[in-house]
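Enquirer: Below, each chain spelled out in residue letters.
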Amino acid sequence: MPSQKFISPYDHKAPEGAEGWKELYPYYMVFQDNLKQNEEAKFFFCDSQHWPNVFKPFDAITVEFAVKCLSQYNTRQWLIPPANGIDFKIHNGYCYMSPVGVAPELIGDRVPQFLERAGYYFMNWNDLLQNWHKKVKGVIDEMEAVKFETLPEVIDMEWVKGGVGLDPTYYLIQNYDKMIDLCYKTWMYHFEFLNLGYAAYLDFFGFCKETFPGIPDLSIAKMVQGVEVDLFRPDEELRKLAKLALELGVDEVVANQELTAALEVLKATENGQKWLDAWELAKYPWFNFTTGNGFYSTDKYWIEHLEIPFGYIQDYLKRLQKGEIIDRPTEAIAAERDRITEEYRDSIADEEGQAAFDAKIGLARVVFPYVENHNFYIEHWAMCVFWRKMRELSAVFVQAGFFSDINDMFYFRREEIHQLLFDYGRGWAMGVPSIGPDYIPTEVARRKKIIDALSTAAPKPAFNEPPALVTEPFTIMLWGITSESVQGWLQSGETTNHLKGMAASAGKVEGIARVINSPDELGLLEQDEILVTRVTAPSWAPVFGKIKATVTDIGGMMSHAAIVCREYALPAVTGTGSATTTIKTGDRIMVNGSTGEVIILEAA
Amino acid sequence: MKYTLFFKEALPEEYYLLGGKGASLASMSAADLPVPVGFCITTHAYADFLHGSALAEAIYEKVNGIDCANVAELDKISEEVRGLLLVSPLPSEMEQSIKASYHQLCTLAGATNDLPVAVRSSATAEDLPDASFAGQQDTYLWVVGEEEVIEHVRRCWASLYTSRAINYRRNQQIKEDEVLMSVVIQKMVNARTAGVAMTLNPTNGDRSKIVIDASWGLGEAVVSGEVTPDNFLVDKVMMEILASNIQNKHIEHVPDKINRRVLTREIVDERATQPSLSEEEVKIVCRMAKIIEKHYRCPQDIEWAIDADLPAGQNFTLLQSRPETVWSQKKAPAASSVKTGMEGILNTLMNPLASKK
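So the sequences go chain by chain: U and S.
For what it's worth, full-length UniProt numbering labels the leading residue of the first sequence as 1, then goes sequentially.
For what it's worth, full-length UniProt numbering labels the leading residue of the second sequence as 1, then goes sequentially.
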């Protein structure tokens, strides 16, 4: 008999060497001892879909902003009748979510408010969305304009003569605050349309599940999914560049030389220059694209690691040289989407049913482009600029002797950076060394040890007692968590060669598994291997030309992995919970993306 | 007018001569669906047989005089009438025509003069959506040779006068002289696996699904309910198998070629619990079912078989298809209960999916 309760966070101890970890995060984000009774009454699930790795203190900003902003829309803007926000905690370095319901007696009063408020957004969706694009672009431009520079030897003469009466430390601190504000704004915008978008999608989803009992989730996704999607544009640009290299006859250079060498050689010829112009043009904004998910300071963005997109172009080029076709079959995708939609619609016997189908898919298709595309604008583009600017600031500290590594800054909480900035500024003002260089490196080392220790343990799937039935709409919508999946977590733990997840992209294959624990290992993937990973990012798209199938620990039907796999017609099983710990590189496995099954056929 | 018509050569305006089943086979053959070769003995032949002598008057008089409430009388007269139909001589032109068509069929199927055939009745009132009394007329399997064929044609004709059939017509107020019968003579399929496919889910009327029942041997085991068949639920749009229930199939009907009959035998080996259709074959059956449904423009109830004597890729055969009668006549549940727009979204948030699944 499996236990019906998950461990309490108060009984889930940190690994050895992680003592003192709680101080690395804000007090309101950790389980406080005197609130034990309250906290143990709530059900928390681990969100390793968005945050698979242990947070460095600064990086916790992403979960704080994201989940707080998600919440504000439910609770204060739309007044979603049965749902408030999501409570969230960090425990032993990982984050856990607990959706907050609305007391049953208050639900009814929120209905008219919700209808008016959310109704307004649905009615004016496209106009408001157009404005959203302007706002987000504005935030990105503002962030781009912010500069962090080492403090000068003396205050600029212009400032003296201009009677400014301020010094550069004032602006240094102000710019830091501005970046945090802009990041905060970014996350508010992120959720401006998302909750409603998912709700409309889920309305169509639920209708399909009732009208066509047993319909694969995949079918519903395919009916709603867009054909021209901004999220696929970066990858699209790489294909275009590969084709252009072939057209211009510079393919040998592009395919076979290292990035820097290739760029040099290309400059020398007219066609080479033409290719370079196209390469430059593609960068903005499309190379603001991460191999991670935008939530970590360690995420790598193409624009700062040009060897990543260049390597993908080389892969495409080699396929082109072999005579393969690398274009996205957009016409075929569109035709298939139309066929599926028409056939399901036709299998509704009555006209009223068909009219309901039309209305619901109509709305779902209006809102869905946002659900797909926001990811490029926020997690990729805006967060690319944010992290780049934060590293620019960190570089200032490196130069001032506070840090030895540009990533050291992220071992401090965001409000601690204020102290560092002031210490730097006061030393500069007084003409004495700042204290930081003599204090910070030891502190960084201490914190590194804690983070490393936390990273040795995997998170728990959940804490405390689960609800009898998961009915909270956002848990289901955004995290794909259902009563069944919670039961599944409770029962897992036995060793098995049989995994079950979401049937995210159809097809059945057998092959050799490659377990990838971080984007940096992507290069290890060999032709026709099966990618096994905690969670994928859309920017991994180019490697999908190489692999046979994908299996992830985390993610639902609409996870980035699922969308991209369908795009590449690869079988995918997502949300298995434990693929990366159960499967070993070299195992021969069977992946059935139609049923959600993964079987280890032969251990390595 | 012709006494026999091959499926392939019958023109649509002649379909009324073939009865429900025969017309369906002719129309599917015309659509190039993989129907085993065969021909029909037309209703015209039956009418001539009846009216060419004093047979018709004799039969109608007997039948119309029956008191159907009197079971003993009904049975007695039923037997007398069937006796008449089994012994009365066929007009010789008709007999020659049937024999000639049988020989032509043998040639078509690449056999000498001993092609095993299935002989099935195809009444004009049968297979109508509102008068489903499938199984009330007889089917004879593995009939070999011209004399046997004629003998079984008579039996089919006679099957119109079983007590049940007479009683049914009386209840439905179908007049005796309105009922005609055609007989289908069709190459026998040596089925490795056979069964039924419905182009909707019979448990809930969902038309986006195909449901297949399949078992080893001839399809009669499935149709008669003698075995619990393997059952597959397939998404019609995506052609994906959503559920397979593989059962213990303890018997099968197979041809006894030497004794020229069908025998029932137990399956004792591991085959009993193995799937009677591969995944690929399930999809072939579904593809075909989808084409047939499109051809008829309404949900179908299809009998099919995988021919053991034909190579993979050509071994799927379609035995018959008729309109599904249960759900097709039901009014769909009131769709006005489905809320759309903001109300739909509100409903979705208030009653989330988990409680619906």
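Just so you know, the hints here were simulated from the structure itself, not pulled from any lab data.
Be careful, since some hints might not be right.
Stated by the list, open to error - So the derived label-pair ranges between C-beta atoms look like this: (1) U:Pro329 <-> S:Ser224: 20 to 30 Å; (2) S:Gly313 <-> U:Ala335: 56 to 66 Å; (3) U:Arg319 <-> S:Ser224: 51 to 61 Å; (4) S:Ser244 <-> U:Pro329: 25 to 35 Å; (5) U:Ala468 <-> S:Gly313: 48 to 58 Å; (6) S:Ser244 <-> U:Val366: 30 to 40 Å; (7) S:Ile251 <-> U:Ile7: 47 to 57 Å; (8) U:Asn34 <-> S:Ser244: 32 to 42 Å; (9) S:Gln173 <-> U:Glu210: 47 to 57 Å; (10) S:Gly313 <-> U:Ser578: 36 to 46 Å; (11) S:Ser244 <-> U:Thr456: 38 to 48 Å; (12) S:Ala69 <-> U:Ala468: 35 to 45 Å; (13) S:Lys294 <-> U:Val265: 54 to 64 Å; (14) S:Ser244 <-> U:Asn38: 42 to 52 Å.
Unchecked claim - When the alpha-carbon atoms are kept at most 20 Å apart in a straight line, the in silico EDC-like pairs for lysine to aspartate or glutamate are as follows: (15) S:Lys339 <-> U:Asp167; (16) S:Lys290 <-> U:Glu116; (17) S:Lys294 <-> U:Glu116.
Here a beta-carbon is modelled for each residue, glycine too, at the ideal position from N, C-alpha and C.
Enquirer: A separate judgement is required for each hint: does it hold in the structure or not?
Expert: To see whether the hints hold, each was checked on the structure:
About 48 Å separates the C-beta atoms of Pro329 of chain U and Ser224 of chain S, a value inconsistent with the hinted range of 20 to 30 Å. Judged by the Cβ atoms, the range 56 to 66 Å given for Gly313 of chain S and Ala335 of chain U is violated: they are separated by roughly 26 Å. Between Arg319 of chain U and Ser224 of chain S the Cβ separation comes to about 57 Å, which falls inside the hinted range of 51 to 61 Å. At roughly 31 Å, the beta carbons of Ser244 of chain S and Pro329 of chain U sit within the given window of 25 to 35 Å.
Look at Ala468 of chain U against Gly313 of chain S: about 52 Å separates their beta carbons, and that is inside 48 to 58 Å. Look at Ser244 of chain S against Val366 of chain U: about 38 Å separates their beta carbons, and that is inside 30 to 40 Å. Evaluation of the 47 to 57 Å hint for Ile251 of chain S and Ile7 of chain U yields a pass: the beta carbon distance comes to about 54 Å. The hint said 32 to 42 Å for the Cβ distance between Asn34 of chain U and Ser244 of chain S, and at roughly 55 Å that hint is violated.
Under the hint 47 to 57 Å, the C-beta atoms of Gln173 of chain S and Glu210 of chain U, about 41 Å apart, miss the expected range. For the pair Gly313 of chain S and Ser578 of chain U, the beta carbons lie near 41 Å from each other, so the given range of 36 to 46 Å is met. The hinted range of 38 to 48 Å is satisfied by Ser244 of chain S and Thr456 of chain U, whose Cβ atoms lie roughly 43 Å apart. Distance hint for Ala69 of chain S and Ala468 of chain U: a CB-CB separation of about 59 Å, inconsistent with the stated range 35 to 45 Å.
The beta-carbon spacing between Lys294 of chain S and Val265 of chain U, approximately 58 Å, falls within the hinted interval of 54 to 64 Å. For Ser244 of chain S and Asn38 of chain U, the Cβ-Cβ distance of about 48 Å falls inside the hinted range of 42 to 52 Å, so the restraint holds. Under the criterion of a C-alpha separation no larger than 20 Å, the hint pairing Lys339 of chain S with Asp167 of chain U is inconsistent with the structure, at around 62 Å. Taking the CA atoms of Lys290 of chain S and Glu116 of chain U, the gap is about 45 Å. The hint is violated against a cut of 20 Å.
Proposed proximity of Lys294 of chain S and Glu116 of chain U is contradicted: the alpha carbons are some 45 Å apart, above 20 Å.
Consistency with the previously given hints fails for numbers 1, 2, 8, 9, 12, 15, 16, 17, ordered from lowest to highest.
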